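Here the structure of chain A is known, so what remains is to put chain B in place on it, guided by the hints.
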Amino acid sequence: MRRLLAIVVLLAGLPLSIGGQELRVPNKPDSVKFAVIGDSGTGSSSQRAVGKELATWRTRFPFEFVVMVGDNLYGSERPGDFQKKFEIPYKPLLDAKVKFYAALGNHDDAAIQKNYPLFNMNGERFYSFKPKDGVRFFALDSNYVDKTQLDWLDKQLAASGSEWKIMFFHHPLYSSGETHGSAELQREVLEPVFVKHGVNLVLTGHEHFYERLKPQKGIQYFIIGSSAKLRKGDLAKSELTLYGNDREYAFMLMEIDGDELFFQTINEKGQTIDAGSIRRVGKVEPAPSRTTQPVIPQAKPTPAQPGPRQQGK
Amino acid sequence: MKVSHLLTVALLTAACGGDPAPDRSNYDASEPAAAPAATSGETIETQTPAREPAEKGPQISSAPPAPLVAPAARAKGVNPHAAILADFKERVDAYMKVRKDAIKDAPKLKETTDTAKLKAAQDGMAVHIRAARQNAQQGDVLTPEIVAQFRRLLYPELKGDDGRDAKEILKDDAPSPQSITFKVNAKYPDNAPVPTVPATLLLNLPTLPEPLQYKIIGKHLLLLDEEADVIVDYALNVIR
Chain A
101 MRRLLAIVVL LAGLPLSIGG QELRVPNKPD SVKFAVIGDS GTGSSSQRAV GKELATWRTR
161 FPFEFVVMVG DNLYGSERPG DFQKKFEIPY KPLLDAKVKF YAALGNHDDA AIQKNYPLFN
221 MNGERFYSFK PKDGVRFFAL DSNYVDKTQL DWLDKQLAAS GSEWKIMFFH HPLYSSGETH
281 GSAELQREVL EPVFVKHGVN LVLTGHEHFY ERLKPQKGIQ YFIIGSSAKL RKGDLAKSEL
341 TLYGNDREYA FMLMEIDGDE LFFQTINEKG QTIDAGSIRR VGKVEPAPSR TTQPVIPQAK
401 PTPAQPGPRQ QGK
Chain B
723 MKVSHLLTVA LLTAACGGDP APDRSNYDAS EPAAAPAATS GETIETQTPA REPAEKGPQI
783 SSAPPAPLVA PAARAKGVNP HAAILADFKE RVDAYMKVRK DAIKDAPKLK ETTDTAKLKA
843 AQDGMAVHIR AARQNAQQGD VLTPEIVAQF RRLLYPELKG DDGRDAKEIL KDDAPSPQSI
903 TFKVNAKYPD NAPVPTVPAT LLLNLPTLPE PLQYKIIGKH LLLLDEEADV IVDYALNVIR
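For the protein sequence lines, the chains are A and B, in the order given.
Take any residue in the first sequence, note its place counting from 1, add 100, and you have its number in the working numbering.
Take any residue in the second sequence, note its place counting from 1, add 722, and you have its number in the working numbering.
For the record, the hints were derived by calculation from the structure and aren't laboratory data.
Among these hints, one or two may not hold up.
[Stated by the list, open to error] Simulated coverage check for chain B against chain A, where a stretch passes if three residues somewhere in it have a Cβ under 8 angstroms from a Cβ of chain A: (1) 800 to 814; (2) 832 to 846; (3) 876 to 889; (4) 942 to 953.
In this text, all values refer to a predicted model and were calculated from it rather than measured experimentally.
C-beta atoms are modelled at their ideal positions from N, C-alpha and C, and glycine is treated no differently.
One chain only, chain A, in its complex shape (with noise of 0.2 angstroms):
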């Protein structure tokens, strides 16, 4: 009696589980596809799942690269620890040929990661790296944001035209956290920035939560550190969250397609927490002196099923 009770527990599950399991975004042939990761150098049994099912997704969502915005090795960076918080939980995408684009984050050593060739820093802390026509991505250093790489990021954008501008880096610019909360003086100095030269995406972690924000000033923000560690409770709703999960770990997948994003976000069960798209409306002229904001992405939002755990924002 008590294993028929037990199946049809399983049973009524099903549908919930299958649900979150759909692949959400488009997964066109020609577009560009990527995940994001972050604060994921743990080593820890959470990191190890949420590597699992990005494994698994790739499956059926073949993203050619990972972005990791931050906290890529939490302790110590001996050769065992890049082994045991990279290598090991990513290895069958690293066996794959996946590339992983690391930025950096407060518990990052920059030396050491910089010239690790699986992170594809080349030996900079900051960095642009364009994987097709259209499409370019930022790393920042947000530890040290110093002129010399505002300057950098200012001429690099100046001369990246009509692109999707795609920034990724630790400290968010927004966030309803508790703990850290909004990087409001890093952001005084890179909005303006962004804003000049019409980025349209930015990625970021710090906070252990997954937090998709409202666009700020024309800019679609994700918070994304909750790849191996989590902060339970430490998401505050705010008027900047349009969704919000602080009690899954989570990863994202990507899609460009022409002027569409779609993301996904996933957790370590392989459950589906959040998907939707973002337009970008309008192209970039190639005017450096422009100022007013040429692109502005349109969130549209559809969350998914909500998992029993979800907690919505």
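Quick look at chain B alone, frame taken from chain A:
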């Protein structure tokens, strides 16, 4: 005077234009500085207190000690605040030269998946830099005059609401001062998080060449060689 020096001084003069914010420091730019006491409860290892400026200069190379304000910075008619910053630039440049010579024969930090080699290169670089600067002392780069000037430059960013935000950020990620050995040539601890320096503060200080960085631990300023993880110099109680 070289054209580049003239340009530097002109730029720094412009940057420091107008009257600086009042300096409430215990240091006086024109007087020798006393070593400030560590914040209560902190166990900070310090070297010799800041020196009498008239007697000792930077000892970051084997060259004869320089005067407190370097010659190029003492050019006639130069804004004294700009002269202090020009002096700082000269001291930083001097460090970079010593560093370059010191690590010439050290293992290079170059890309490899063998992270043991990366660590060995980092440690080797630190050993060479320490050897080349074995006589370096606190205040060789961050002289009392320079520290006083930094306090003036930082003061506007540390008052009011923004100042409170800045101080919160400084507390947010920084390791506790007890975990850092405040000593010239000491190693920045491997496992300590990197303190985030608010961008608004950084933009008020002279830009440093890579791989030098300012780090603020509690109220104290470190000048860190971020590649070798070596403390180049430090100043206590810069943040009030």
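Hints, verified against the model:
Here's how the stretch 800 to 814 of chain B fares: 0 of its residues keep a CB closer than 8 angstroms to some CB of chain A, so the rule of at least three is not met and the hint is violated. For the stretch 832 to 846 of chain B, the stated coverage by chain A is satisfied: 10 residues place a CB nearer than 8 angstroms to a CB of that chain, which reaches the threshold of 3. Under a criterion of three residues with beta carbons nearer than 8 angstroms to beta carbons of chain A, the stated coverage of the stretch 876 to 889 of chain B is upheld, 3 such residues being counted. Chain A is given as covering the stretch 942 to 953 of chain B, and this holds because 4 residues of the stretch bring a CB closer than 8 angstroms to a CB of that chain, at least three being needed.
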